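**Student:** As a plain string of letters, each chain reads:
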Amino acid sequence: MVVEIENLVKEFKERKAVNNVNISIKEGEIFGFLGPNGAGKTTTINALVGLTSPNSGSIRILGDSTAKHRKKVNKNIGLVPQDIAIFEDLKAKENVEFFGRLYGLRGTELKERVQAALEFTGLWDRRKEYPKKFSGGMKRRLNIACAIVHQPKLIIMDEPTVGVDPQSRNHILRSIVELNKRGSTIIYTSHYMEEVEEVCGNIAIMDNGEVIAQGTSDELKKLISSEKRMDITLKKVTQYLIDELNQIDGIKSCTVENQIMTILYEQKNDLFLSLVIETITKYNAEIIAIDVENPSLEDVFLTLTGKKLRD
Amino acid sequence: MNFFSVAYCTLIRNVRDKKSFINKLLMPIVLIVILGTALSNVFATDELDQTKVAYLNTDQGEVSQNFTAFLDQKEVKELLDVKIVKSLHKGKELVEKGDVTSLIYIDPTYSAAIVENKDKPIQVYSSNDGDYHITVVNNIVDSFIQGANTVQAVTAMGEKTVGLKSFDLVEDKTITASGNRPRAIDYYAVTMLILCVMYGAIYSSESMSEYYHGKLGERIKISPVSDWQLIAGQMFGILITNLLQITIVFLISKLVFNANWGSNYLAIFGIVFSLSFMATSIGALVAILTKDSMRASGILAITIPIMTFIAGGYVKLDLEELMYLSPNYLAQTAIFNNIYGGSALQSQVCLSVIWAITACVIISAFFASRRRFV
Numbered sequence: 001m002v003v004e005i006e007n008l009v010k011e012f013k014e015r016k017a018v019n020n021v022n023i024s025i026k027e028g029e030i031f032g033f034l035g036p037n038g039a040g041k042t043t044t045i046n047a048l049v050g051l052t053s054p055n056s057g058s059i060r061i062l063g064d065s066t067a068k069h070r071k072k073v074n075k076n077i078g079l080v081p082q083d084i085a086i087f088e089d090l091k092a093k094e095n096v097e098f099f100g101r102l103y104g105l106r107g108t109e110l111k112e113r114v115q116a117a118l119e120f121t122g123l124w125d126r127r128k129e130y131p132k133k134f135s136g137g138m139k140r141r142l143n144i145a146c147a148i149v150h151q152p153k154l155i156i157m158d159e160p161t162v163g164v165d166p167q168s169r170n171h172i173l174r175s176i177v178e179l180n181k182r183g184s185t186i187i188y189t190s191h192y193m194e195e196v197e198e199v200c201g202n203i204a205i206m207d208n209g210e211v212i213a214q215g216t217s218d219e220l221k222k223l224i225s226s227e228k229r230m231d232i233t234l235k236k237v238t239q240y241l242i243d244e245l246n247q248i249d250g251i252k253s254c255t256v257e258n259q260i261m262t263i264l265y266e267q268k269n270d271l272f273l274s275l276v277i278e279t280i281t282k283y284n285a286e287i288i289a290i291d292v293e294n295p296s297l298e299d300v301f302l303t304l305t306g307k308k309l310r311d
Numbered sequence: 312m313n314f315f316s317v318a319y320c321t322l323i324r325n326v327r328d329k330k331s332f333i334n335k336l337l338m339p340i341v342l343i344v345i346l347g348t349a350l351s352n353v354f355a356t357d358e359l360d361q362t363k364v365a366y367l368n369t370d371q372g373e374v375s376q377n378f379t380a381f382l383d384q385k386e387v388k389e390l391l392d393v394k395i396v397k398s399l400h401k402g403k404e405l406v407e408k409g410d411v412t413s414l415i416y417i418d419p420t421y422s423a424a425i426v427e428n429k430d431k432p433i434q435v436y437s438s439n440d441g442d443y444h445i446t447v448v449n450n451i452v453d454s455f456i457q458g459a460n461t462v463q464a465v466t467a468m469g470e471k472t473v474g475l476k477s478f479d480l481v482e483d484k485t486i487t488a489s490g491n492r493p494r495a496i497d498y499y500a501v502t503m504l505i506l507c508v509m510y511g512a513i514y515s516s517e518s519m520s521e522y523y524h525g526k527l528g529e530r531i532k533i534s535p536v537s538d539w540q541l542i543a544g545q546m547f548g549i550l551i552t553n554l555l556q557i558t559i560v561f562l563i564s565k566l567v568f569n570a571n572w573g574s575n576y577l578a579i580f581g582i583v584f585s586l587s588f589m590a591t592s593i594g595a596l597v598a599i600l601t602k603d604s605m606r607a608s609g610i611l612a613i614t615i616p617i618m619t620f621i622a623g624g625y626v627k628l629d630l631e632e633l634m635y636l637s638p639n640y641l642a643q644t645a646i647f648n649n650i651y652g653g654s655a656l657q658s659q660v661c662l663s664v665i666w667a668i669t670a671c672v673i674i675s676a677f678f679a680s681r682r683r684f685v
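Here the protein sequences come in this chain order: A and B.
In terms of this note's numbering, the first sequence opens at residue 1 and continues consecutively.
In terms of this note's numbering, the second sequence opens at residue 312 and continues consecutively.
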């Protein structure tokens, strides 16, 4: 195991930010941390890298206890923080060099690793420029370059795609897969489920400081496998309509956002769909489009927590 | 070694921040010009004009002849304009008219009395409104008498007469026109250089805050760099930045304003280096304790000018013991003693206090830094 977290607890005053978390991450995995803001993802990561001391529990990384061998453990970790943490007044290359030196790289090895990190993130041609001239996406990529220059065995990416353009986002997602192919184990936190679903093998869903579900994307979906999801775009929606739909046998939840009604349901008979459409027609809601889908991670989260991931 | 990486990074970032670098450089230079010009009168040394005296020697003995020769020396002539009169009456008349400040009169028995070791003064008649000129005359006459007594004592012990050339009392006094006292520009060159050194504390607090707090600080914290390498590396980088600025201020004050820095530049550098080290340490401690860059800079931006004021950096003050609370005063005292030949012991005490404070601050900063993440 690359990471073994056992019974981790972190309290801030009277609030438990992380409550009895147990996670195991195998070598070569891309492990996804899913959860809304305040779920406890960043606190767990801070405990992993030593930025916060847990109240109880233990963390082992690559077999070493973080409590006893912090410096040794951290040599093998590359953290891509959620907020961009680079020197605006150092050139791109100087930034990567600085962090490379902190991790003990010197001479030719340093030069080669710096070039490799900048080429990997597509910034080698801009290496002599100051980050203040970079776009948000380029800064995010430099943020990654600084974390991978020492070729760590474990890379932790805390929401690395927040606020970036689609081009940089795709570049970052491809980079994650590529880094994994090169041998790094990756912990990836996000509240973008489609990203997590795209790149991660195992996923832990956190809410209120606890891991409420853990497994592969398919395993998580099986938790609600008997359920399906239907998105109906309507011209007008009333509360009476929602109330009546909720009374139909088989409907688990019915929510509306921007004229799109999302129904999670368990189909118990062949007349179910007809009954739903009949009810909507009765209220003159005027159906514009209907889309029936298999459950997504969003649905899993919604079912497990009763709230949307971005809440 | 990470120490050098951190130091190099800190140095080039400080130097590249041209706006801040030039501001911290320009302020003391501008203050040297403004204060050195505006307050030059406060530091002006009044030159002594010649004091007019009448002189009547009615004695033919050797001692009185020596006194006449004494009055004829170049150094005495700079201070006294001697007019020989032929009678006591004429001399007193000149004094009463105010044509001369004093009449120096030696009666016929003077030399004989001195040789016989009898008490016999050189008589000085002065007007009532002669102000400091009377003091000048009395001091010069006293100088001769003290010298003569010394010669007599040496002779009595069996040595050869050393003669009047041993009378160099007047020459040594700092009240001469070329006396060794600081002008305003000399004074403010020192105090503003000290102010510049103390502003190193703000550099230090800004840098430490960035490295210890916020996201960049967290990123550095999780790297394998040790606390001592991080602190020492930054302090070294800031120290070099500070010394670079100080050198520029020093050279401008010396070459452009012709400020007096004495001749022992190595000692001056040692004092300035010590203070710079202390200022850097204080900045680090404030940053680590406040955990907030803005608050740390604010505290130092208020404290440093107050310390400079207490030390008499802006306007010469005498706040007695209170002045010793200011690090500026300690360094100033050591530098002024060095330039103007003051007490070496006092300089050493001041330097020792600076290093003692520095040691306490560094130890506190180290322990505070270890407790910053809980």
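Any given hint might turn out to be false.
[Said to hold, decoys possible] Computed footprint of chain B on chain A, listed as stretches where at least three residues anywhere in the stretch have a Cβ under 8 Å from a Cβ of chain B: (1) 251 to 260; (2) 282 to 289.
[Stated by the list, open to error] Here are the simulated DSSO-like cross-link-like pairs (lysine-lysine), alpha carbons at most 27 Å apart as the crow flies: (3) K532(B) to K75(A); (4) K329(B) to K627(B); (5) K526(B) to K111(A); (6) K329(B) to K72(A).
[As the list claims (entries may be wrong)] Computed far set for chain B versus chain A, every beta-carbon distance over 10 Å: (7) N313; (8) I345; (9) T348; (10) E529; (11) I531; (12) A667.
These aren't lab readings, by the way, just hints derived from the structure by calculation.
Quick caveat, the model's predicted, so the values are computed rather than measured.
Backbone N, C-alpha and C define an ideal beta-carbon position, used for all residues, glycine too.
**Student:** Tell me, which hint numbers fail for this structure?
**Tutor:** 1, 2, 4, 6, 7, 10, 11
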